[in-house]
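For the protein sequence lines, the chains are A and B, in the order given. Letter 225 of the first sequence, counting from 1, is numbered 224 in numbering that gives the first Met the number 0, and no numbers are missing. Letter 137 of the second sequence, counting from 1, is numbered 136 in numbering that gives the first Met the number 0, and no numbers are missing.
Incorrect hints may have been included.
Identical copies carry no separate label here, and so any pair may be met within one copy or between two of them.
Straight line, CA to CA, 25 Å or less: simulated SDA-like cross-link-like pairs of lysine to any residue [claimed, not checked]:
#1 19 <-> 221
#2 35 <-> 92
#3 19 <-> 7
#4 19 <-> 146
#5 19 <-> 123
#6 19 <-> 274
#7 35 <-> 266
#8 35 <-> 236
#9 35 <-> 295
#10 35 <-> 244
#11 19 <-> 200
#12 35 <-> 91
#13 35 <-> 194
#14 19 <-> 180
#15 19 <-> 218
#16 19 <-> 99
#17 19 <-> 219
#18 19 <-> 100
#19 19 <-> 286
#20 35 <-> 227
#21 35 <-> 272
#22 19 <-> 110
#23 35 <-> 57
#24 19 <-> 138
#25 35 <-> 296
#26 19 <-> 126
Since the hints were made in silico from the structure, they are not lab data. These figures come from a predicted structure and were not determined experimentally.
Protein chains: 2
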Amino acid sequence: MGQGEFSLIERFLSHFPRAKVQVGPGDDCAVLAPGKGAQCVTIDALVEDVHFTRAHFTPEDIGHKALAVNLSDLAAMGARPRWFLCALALPRELPRRALLGLARGMSALAEEHGIALVGGNFTSARELSITITAAGELRTSPITRSGGRPGDVLYVSGTLGEARLGLLHLQEGRRRSSAILRQKRPRPRVALGLLAARFASAGLDISDGLAQDLGHLCRASGTGAELGLSLLPLSPAVRAALGPQGALAGGEDYELLLAIPPSRTSAFERACGRAGERVTRIGQLTGGPPGLIRELGGRSLRLPAGFDHFRNGRTD
Amino acid sequence: MGQGEFSLIERFLSHFPRAKVQVGPGDDCAVLAPGKGAQCVTIDALVEDVHFTRAHFTPEDIGHKALAVNLSDLAAMGARPRWFLCALALPRELPRRALLGLARGMSALAEEHGIALVGGNFTSARELSITITAAGELRTSPITRSGGRPGDVLYVSGTLGEARLGLLHLQEGRRRSSAILRQKRPRPRVALGLLAARFASAGLDISDGLAQDLGHLCRASGTGAELGLSLLPLSPAVRAALGPQGALAGGEDYELLLAIPPSRTSAFERACGRAGERVTRIGQLTGGPPGLIRELGGRSLRLPAGFDHFRNGRTD
């Protein structure tokens, strides 16, 4: 790595506050004091032309989203974000200002969630990609996928299908819509995850679409589920363009899907109300065959296939 | 992600022992009990046609090397390896058996060093890349780059320049040599790092070539250095093909460069002798201008530029 690259790393780092750690960026490893609670760690990558295109996403969008998808994993466990590492694979022709745009998008979201960049790695590559490892600390038991029991009530946060609609808008050549903003700038539900950890028996973040992700939860918990299609929280635009079936397959929602034991639903709903967190009851776990999802009332539900970002969005 | 990919992840994971952690692969995050000592974390990527080519490296080589470069960072801090996360970016045409080869190469080295795979991520991409985050635990203070003082004695482990010579051999069309093995299968100096943490004032692993990496150590420590070219540990093959100047620029050695206070050198050498770790005195830190490296005796040293793997190896 030449001196030019070292100064580029320094300029990238200058967008982030200095991490309060024993050893931060610049040594072989970052060194972190041991935490009090258990640690949650996750790794997730955004790859050019799979998860984003440079034609549709600004560098700030890409930086934001790369960190957001990792924060969403921490949120899904009920962890408080602590630190992250960032590996950048950079095409040689990438303009320097694009790299600094990535840093700005990432650092704004990092600051919002109080997560510190403690180290990273730059390498050249043909396609742009960002791989982030994020770590958080638990003060409760983690929200896992496997803790659900028949009778637990299913909730989702926010609205569904928006990011998928945003992708369609981009592919149609539109530049701006609230759905496009949801596609480019997902908001990880960190505060809701911390709150939900006191109530939930199981949960995860919805990245592959509600249908697929509910299937994951059910298989891990050994339950079936009943879902009310009419209960799904959809914006008018999503209802008109995709309908409930389309929203079920709406990848990249980055909302939380939570299973709450029936005895705890009232307290959970009150806590969400006080915190200003929007959650919607959409069904319940059942004793049915593991992974089988029916419509509320008993009809079996035709489940759409999951959704695979830009590349499949184009070729399917 | 389709069901096919889930079963591929399961087959990949089946090459690794089940991690002894609260929550392992398959949930949104891995959950790890808090450690006793401070934690070292690092992230490093291997990218196709930059760090390896599929023509020259078997999948096992690639899996081994991707983990080895991260273990080397832990070794450089004096940390005991604990867990790692692995993000794979996979071209769609990559044969399934290649993926399982990656797993085999990685798991053999992981087992050797007692490090557990606790999670990961698969994505499609045009070029193959592997990004790993590795974490280790400290029982001592970390070995940093910044702790060196004038008078500290410089040591390197093993021999230098071998991996660079191996790269040249591959580019010349040779298939097999001990240098090629060093290029493909670097041996991270984990045991030496643990031992050295009791003695060293500073250190790092030699990934960019001794000349560059000694420069990093000197600038971080605010020292100069004197180096004995005739003292560098070189194999006969490296001495003949590259000479000391070539070995100075020999990237990807993954040996350790350590600064030991003069009062501790005897004890350090005895401890290395007992442990069967080969280390060689090559010079010392000086009060000279930070980063300035001279030849022992006072002549200033013409330092070769660093070395940038396959891509630059071809285009320079």
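For this session: Pop the pair residue 35 and residue 295 into one bin, within, between, both or neither, using alpha-carbon distances up to 25 Å.
Result: neither (43 Å within a copy, 49 Å between copies)
For this session: Pop the pair residue 19 and residue 7 into one bin, within, between, both or neither, using alpha-carbon distances up to 25 Å.
Result: Within one copy, since 22 Å is at most 25 Å while 39 Å is not.
Problem set entry | Intra- versus inter-copy proximity for residue 110 and residue 19 (alpha-carbon distance at most 25 Å) | within (13 Å within a copy, 33 Å between copies)
Exercise. Should residue 35 paired with residue 272 be assigned to within, between, both, or neither, using CA atoms and 25 Å as the limit?
Worked result: Classified as neither: same-chain Cα gap 30 Å, cross-chain 39 Å, threshold 25 Å.
Exercise. Is the C-alpha distance from residue 19 to residue 126 at most 25 Å within one copy, between copies, in both cases, or in neither?
Worked result: neither (33 Å within a copy, 36 Å between copies)
Exercise. For the identical chains here, do residue 19 and residue 286 meet the 25 Å Cα criterion within one copy, between copies, both, or neither?
Worked result: neither (48 Å within a copy, 30 Å between copies)
Problem set entry | Intra- versus inter-subunit Cα pairing at 25 Å for residue 35 with residue 57 | neither (38 Å within a copy, 42 Å between copies)
Exercise. For the identical chains here, do residue 19 and residue 99 meet the 25 Å Cα criterion within one copy, between copies, both, or neither?
Worked result: within (22 Å within a copy, 40 Å between copies)
For this session: If the cutoff is 25 Å on CA atoms, where do residue 35 and residue 296 land: within, between, both or neither? Let me know, please.
Result: Close neither inside one copy (46 Å) nor across copies (52 Å); limit 25 Å.
For this session: Could you place residue 19 and residue 123 in one of the four classes (within, between, both, neither) given a Cα distance threshold of 25 Å?
Result: neither (29 Å within a copy, 35 Å between copies)
Exercise. Quick one: residue 19 to residue 200, C-alpha cut-off 25 Å, is that within a copy, between copies, both, or neither?
Worked result: This pair counts as between: shortest inter-copy Cα distance 22 Å, intra-copy 34 Å.
Problem set entry | 25 Å Cα threshold - placement of residue 194 relative to residue 35 | Within. Shortest intra-copy distance 19 Å satisfies the 25 Å Cα cut-off; inter-copy 28 Å does not.
Violation of the numbered hints given earlier is confined to hints 2, 5, 6, 7, 8, 9, 10, 12, 14, 19, 20, 21, 23, 25 and 26; the remaining hints are satisfied by the structure.
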